[in-house]
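Start from the sequences and build out the full structure, keeping to the hints where you can.
There are 2 protein chains.
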Amino acid sequence: MKLSMHAMSVDVFTHALGSLSAFLEKGQAHATQKKFEPAVLLASRLAPDMFPLTRQVQLACDLAKNSIARLVGQEPPRFPDTETSFEELHARIARTIDYLKSVPASALEGAETRDLKVPTRGETLEFKGLAFLQHWAIPNVFFHVTTAYLILRHNGVELGKRDFLGNPR
Amino acid sequence: MKLSMHAMSVDVFTHALGSLSAFLEKGQAHATQKKFEPAVLLASRLAPDMFPLTRQVQLACDLAKNSIARLVGQEPPRFPDTETSFEELHARIARTIDYLKSVPASALEGAETRDLKVPTRGETLEFKGLAFLQHWAIPNVFFHVTTAYLILRHNGVELGKRDFLGNPR
Chain A
204 MKLSMHAMSV DVFTHALGSL SAFLEKGQAH ATQKKFEPAV LLASRLAPDM
254 FPLTRQVQLA CDLAKNSIAR LVGQEPPRFP DTETSFEELH ARIARTIDYL
304 KSVPASALEG AETRDLKVPT RGETLEFKGL AFLQHWAIPN VFFHVTTAYL
354 ILRHNGVELG KRDFLGNPR
Chain B
204 MKLSMHAMSV DVFTHALGSL SAFLEKGQAH ATQKKFEPAV LLASRLAPDM
254 FPLTRQVQLA CDLAKNSIAR LVGQEPPRFP DTETSFEELH ARIARTIDYL
304 KSVPASALEG AETRDLKVPT RGETLEFKGL AFLQHWAIPN VFFHVTTAYL
354 ILRHNGVELG KRDFLGNPR
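Order-wise, the sequence lines are chains A and B. All residue numbers for the first sequence refer to my numbering, where the first residue is 204 and numbers rise by one. All residue numbers for the second sequence refer to my numbering, where the first residue is 204 and numbers rise by one.
FYI, nobody ran anything at the bench for these hints, they're computed from the structure. Warning: the hint list may mix true and false statements.
[What the hints assert, rightly or not] Every beta carbon over 10 Å from chain A, so not counted as near; a handful from chain B, in silico:
#1 Arg258
#2 Asp301
#3 Pro307
[As the list claims (entries may be wrong)] These stretches of chain B come out as covered by chain A in the derived footprint (C-beta under 8 Å, 3 or more residues):
#4 212-224
#5 239-247
#6 290-300
#7 328-334
All of these numbers come straight from a predicted model, not from anything done at the bench. The beta-carbon is built from N, C-alpha and C at its ideal position, and this holds for glycine as well.
So, in structure tokens, the structure goes:
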């Protein structure tokens, strides 16, 4: 066995998005059980100038999908940001995972040495593929998955670290 | 260049802990500027049954340090959980980074195929080194770094994604 870019990107993101989907279900079940509108959770945020839950989920998906597309030099599929329900967010996560799984390991071979340009609001960042994965893609995906988890936790949804990690083996 | 376990663990965690240290400084500066006790931030949490900021920082350090030690088959250095100030937390992060940097890339070669046992509260988890890194060590470290960031953000500290990511290149 050799460590591959695929194992450290597609596999890691697919697993994290699977956990995200599973703990979102617990959020929705919590709303049903407590008899409040699930949309209340979707609009919740941890600071007035942070994005709410819906956007955190969209961003987790987009950062996973767009990062993989960048690493393989593809144009990523674009998903409109129109979700207004847990069901629609689950569908977006599923579409994202489908895209990730469509990328074969061979397409990511050697991606660690590729030169990548990442346009951000302020400037265009230039990376080698490895640094992009280490210090941009992985931290960003986990940032938004963790934020989604914490918005639910902050609102009283009963979740534990196991829900965040999923089944790690 | 070949993708290495060292690049995907020691490098990733060292960078994330460096960002953690830098945004904690902004938290402390915020307290000074707003004239409240920095310890208020250290005791803040996002849910009554979650750990406060101090413990999140301790856990980020321990998960980085202990994960690397597990991967190389060493006994990790133990740090007592006695920090009561930002200064002491910075010192813990610095000690953790020193340990991470003391592990040579050669010690992690082949760690992806090692059989690891991770005792948790409920049971002992068994992993291959690769799955341990993908689905345990990386998610756990970023969970606690992100939670530390969000506790500060939730308390009005002016931070942006750039503070979380550090200088990604």
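Comparing the hints with the structure gives:
1. Arg258: 13 Å, holds
2. Asp301: Holds: least Cβ distance 20 Å, greater than 10 Å.
3. Pro307: Nearest chain A Cβ is 17 Å from Pro307(B), so the label holds.
4. 212-224: Per the Cβ count (4), the hint holds.
5. 239-247: violated (count 0)
6. 290-300: violated (count 0)
7. 328-334: holds (count 5)
Of the numbered hints listed earlier, those contradicted by the structure are 5 and 6.
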